[in-house]
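Construct the entire structure; sequences and hints are all you get.
Residue numbers (our numbering), protein chains in the order written: chain A, 4 to 453; chain B, 4 to 453.
If you are wondering where the hints come from, they were derived from the structure by calculation, not from laboratory data.
The hints are all genuine.
In this list, chains with the same sequence are indistinguishable; a pair is considered to hold if it fits within one copy or across any two.
Calculated pairs, SDA-like style, for lysine to any residue (alpha carbon to alpha carbon, straight line, at most 25 angstroms):
hint	residue 1	residue 2
1	210	269
2	210	310
3	173	47
4	210	101
5	24	49
6	24	108
7	210	109
8	210	287
9	210	187
10	210	312
11	260	370
12	210	276
13	210	274
14	260	412
15	173	73
16	210	96
17	75	166
18	210	188
19	210	311
Number of protein chains: 2
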Amino acid sequence: MQQAITDHVDSHLDETIEGLKRLTRQPSISAQRLGVLECGEMVVEMLRDAGFDAGLVPTADPGYPGIIAELKGKSDRSLLFYNHYDVQPPDPLDEWETPPFEPTERDGYLYGRGISDDKGPIAARLAAIKAVRDTMGELPITIRWCLEGAEEIGSPGFHEFVEQNAERIKSDVCIWEGGGVNWDGRPMVMLGVKGLLYVELECRSAKTDSHSSYAPVVPNPAWRLIWALNTLKDESERIAIPGFYDRIRPALENETKAIAALPDTSREFLHDLGVEMAVGEASGYEFRRRLIMEPTANIAGFGAGYTGQGAKTILPAVARAKLDFRLVPNQDPQEILQNLREHLDRNGFSDVTISSLTSEHPARTSIEDPFVRQVADSARRVYESEPYIVPSMTGTGPQHPVQHILGVPVASCGIDYPGNRIHAPNENIRLDYFRLGVLHTAELITELGA
Amino acid sequence: MQQAITDHVDSHLDETIEGLKRLTRQPSISAQRLGVLECGEMVVEMLRDAGFDAGLVPTADPGYPGIIAELKGKSDRSLLFYNHYDVQPPDPLDEWETPPFEPTERDGYLYGRGISDDKGPIAARLAAIKAVRDTMGELPITIRWCLEGAEEIGSPGFHEFVEQNAERIKSDVCIWEGGGVNWDGRPMVMLGVKGLLYVELECRSAKTDSHSSYAPVVPNPAWRLIWALNTLKDESERIAIPGFYDRIRPALENETKAIAALPDTSREFLHDLGVEMAVGEASGYEFRRRLIMEPTANIAGFGAGYTGQGAKTILPAVARAKLDFRLVPNQDPQEILQNLREHLDRNGFSDVTISSLTSEHPARTSIEDPFVRQVADSARRVYESEPYIVPSMTGTGPQHPVQHILGVPVASCGIDYPGNRIHAPNENIRLDYFRLGVLHTAELITELGA
Chain A
4 MQQAITDHVD SHLDETIEGL KRLTRQPSIS AQRLGVLECG EMVVEMLRDA
54 GFDAGLVPTA DPGYPGIIAE LKGKSDRSLL FYNHYDVQPP DPLDEWETPP
104 FEPTERDGYL YGRGISDDKG PIAARLAAIK AVRDTMGELP ITIRWCLEGA
154 EEIGSPGFHE FVEQNAERIK SDVCIWEGGG VNWDGRPMVM LGVKGLLYVE
204 LECRSAKTDS HSSYAPVVPN PAWRLIWALN TLKDESERIA IPGFYDRIRP
254 ALENETKAIA ALPDTSREFL HDLGVEMAVG EASGYEFRRR LIMEPTANIA
304 GFGAGYTGQG AKTILPAVAR AKLDFRLVPN QDPQEILQNL REHLDRNGFS
354 DVTISSLTSE HPARTSIEDP FVRQVADSAR RVYESEPYIV PSMTGTGPQH
404 PVQHILGVPV ASCGIDYPGN RIHAPNENIR LDYFRLGVLH TAELITELGA
Chain B
4 MQQAITDHVD SHLDETIEGL KRLTRQPSIS AQRLGVLECG EMVVEMLRDA
54 GFDAGLVPTA DPGYPGIIAE LKGKSDRSLL FYNHYDVQPP DPLDEWETPP
104 FEPTERDGYL YGRGISDDKG PIAARLAAIK AVRDTMGELP ITIRWCLEGA
154 EEIGSPGFHE FVEQNAERIK SDVCIWEGGG VNWDGRPMVM LGVKGLLYVE
204 LECRSAKTDS HSSYAPVVPN PAWRLIWALN TLKDESERIA IPGFYDRIRP
254 ALENETKAIA ALPDTSREFL HDLGVEMAVG EASGYEFRRR LIMEPTANIA
304 GFGAGYTGQG AKTILPAVAR AKLDFRLVPN QDPQEILQNL REHLDRNGFS
354 DVTISSLTSE HPARTSIEDP FVRQVADSAR RVYESEPYIV PSMTGTGPQH
404 PVQHILGVPV ASCGIDYPGN RIHAPNENIR LDYFRLGVLH TAELITELGA
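Here you go:
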């Protein structure tokens with residue numbers, strides 16, 4: 004890397020962090036439609052300040068506009084960034100050490116909702132672009148940027164957004180959100196996302212809560228929902244929806260090799276979360292294989308009856324469960340939704356309704372793609388250590404339309420570290436890794452223009 | 004009944020209702036420690052106005068005093084009334100047609116929190132006592148009254164209260180709270196209560212909520228609690244805790260006969276609640292047998308993870324369930340608590356903790372007790388129809404210490420009807436049944452003195 008770029012990044016780091024704090028102070032909770040538009044406008048303004056031709060672009064829901072931006076460089080070779088400017092709800096609030104929308108620095112860490120996911124990466128990329136441009140007078144390549152405001156609610160309308168704006172965002176390669184280092188500080192190049200099916204199951208009985216002395220005769224929807232859920236997965240953790248595993252593409256040899264090459268960080272991972280034992284007592288290779296390659300059926304929420312202080316003897320009128328299924332290639336969320344409905348019906352739970360709240364297809368870029376080598380090479384130089392190649396993130400994003408409509412290879416290059424408390428209270432970034440993420444982005448831009 | 008007593012009740016009915024409204028306007032929510040003491044003082048004042056020697060009596064918790072009152076009559080034969088002056092929390096508030104603590108008359112009904120449970124019965128009994136005393140110059144028997152302010156939170160300390168004050172409240176017979184008419188308007192004499200074990204189960208995994216992409220390796224406490232609960236009861240509705248049914252005293256022939264003699268009100272019951280089908284499709288005799296004779300394992304609440312609007316992909320750190328078990332003779336709540344612990348351990352759920360929030364022993368008075376005939380005979384005369392004998396209420400109350408420490412037969416004699424929305428929004432009484440309840444109480448006092 005040119006020393007001038009490093010110097011620029013370092014001398015502007017305070018300014019960069021200030022911009023990130025400003026962005027974090029603006030709540031943008033898509034699940035609650037809170038501040039999303041305001042945050043989108045702020046991002047457009049920041050893009051324009053950095054020299055981009057940028058603007059909000061309507062999606063199917065006007066409350067969640069996309070953003071498309073372009074900054075022409077010396078060559079037509081083009082890099083697409085994907086990010087989102089919405090964040091997860093901050094609750095439970097009482098577990099935050101400092102308020103989620105008042106970004107706070109402590110001991111080299113910066114805390115706040117969205118600071119890691121996904122406002123930190125936006126600020127880091129802006130800083131990298133400015134450093135390269137200011138230093139070289141002009142970007143060596145053209146950078147396009149596509150952002151959305153509804154990623155945390157499953158990117159509704161993003162598929163159509165990509166279809167409708169394909170000409171404006173199509174680029175040679177794409178850097179996704181996320182990315183960063185492993186527990187040992189070595190960079191990770193991640194090449195895909197899991198798919199998602201997010202459903203809410205609901206069971207009703209009486210029209211209002213009633214006295215629990217009626218329990219011998221009035222069906223309890225909480226019990227029914229528990230029994231229904233129990234048919235989906237039991238203590239063996241095997242998902243019992245017929246067909247659930249049928250379409251899964253077996254692991255490729257290069258995926259297996261890449262996973263084997265990753266360090267065993269299961270102890271750090273579990274210790275950080277305060278978890279005693281992994282599911283299935285998995286450790287080592289099997290721990291990593293599960294995280295990266297296994298689909299899941301997770302209960303994200305269950306609510307029924309009285310959950311406050313003390314005893315209330317009530318028979319609930321309604322019970323609801325939120326479930327997210329993380330899917331791996333080549334599972335299809337719509338097919339799984341249908342299989343779930345049929346499974347519940349077959350097991351006598353046709354009274355349990357299903358609302359599908361969001362879904363995504365899984366997506367992966369081939370480990371053999373030349374772009375992967377470029378991202379890895381630039382990372383090796385900046386981090387001064389050998390990058391890990393990770394076949395897929397454990398999380399989800401709308402990468403499928405980008406890979407399949409635009410036909411673009413996608414990899415990550417970011418600022419994260421595994422202790423970032425993503426989606427949880429005290430979400431944070433480490434400022435040293437933030438700096439390295441900025442430098443890696445700048446290095447990659449330079450390399451792509453070489 | 005003497006016409007003079009009926010006339011007194013009728014000519015003072017407006018005044019009686021005014022007293023009831025005053026009592027209802029005073030919130031006394033034991034679960035929230037709201038207005039309980041103030042309400043207790045108001046009840047003492049009303050008892051003194053009616054000629055009682057009455058006062059607050061401390062219980063283990065000074066926030067929930069008991070009340071003991073006595074009004075000597077012509078003979079030493081004595082009748083004990085049990086009531087409570089605390090009420091359930093009024094929520095959900097938005098389902099009330101008029102505010103819960105502003106008692107409102109509409110079309111012969113009176114609405115308000117506590118109007119049926121248990122302030123209406125207090126006002127009715129006071130009115131009956133005044134009518135008998137004013138008419139006859141003196142009560143024919145001695146009346147003692149024992150009230151508590153913590154019934155709605157499981158009567159903590161009531162057992163000790165009865166033990167410590169046994170000499171002051173011991174009487175020949177006892178009239179409990181509750182009682183009144185069935186859907187057809189015929190009076191019901193109820194002879195017991197179910198017992199209760201109320202527990203909160205809790206399961207924890209990570210120290211905070213985490214990203215649901217960790218689901219392949221981080222145990223989900225919501226799943227674990229669902230699997231644990233599924234071992235307690237499955238779709239057959241049979242409670243699977245070993246020993247749960249072992250001690251249950253089989254139904255006596257006179258209980259079976261009494262239940263058979265009750266009318267089939269299952270359709271009215273279910274229609275009123277908006278329930279399509281009873282548990283096990285029970286109707287007729289089986290419906291009534293279940294309600295009165297069956298113990299239950301009811302989920303009063305289940306909370307885990309995100310239960311708000313929309314999708315949040317979180318892996319919950321904690322899951323909690325509140326369960327109430329209604330118990331029948333001779334089940335022992337402490338033994339069942341221990342069996343529950345052992346059952347969970349045996350099934351691999353020693354990570355699920357149990358907190359016991361409250362418990363009561365079941366209690367029943369024998370149908371053969373001469374007191375039952377006196378309550379029924381007086382009811383027959385007032386209601387001009389054959390009373391139903393109901394072996395037990397479906398609900399719970401602290402009747403066990405009264406029956407077993409004082410050795411007193413207990414029956415009900417009240418003002419309720421089945422549409423009273425007890426514990427729910429729009430709790431109400433019917434004024435015609437209220438009047439009949441007053442007359443029945445007066446008639447019983449007269450009969451006991453004959």
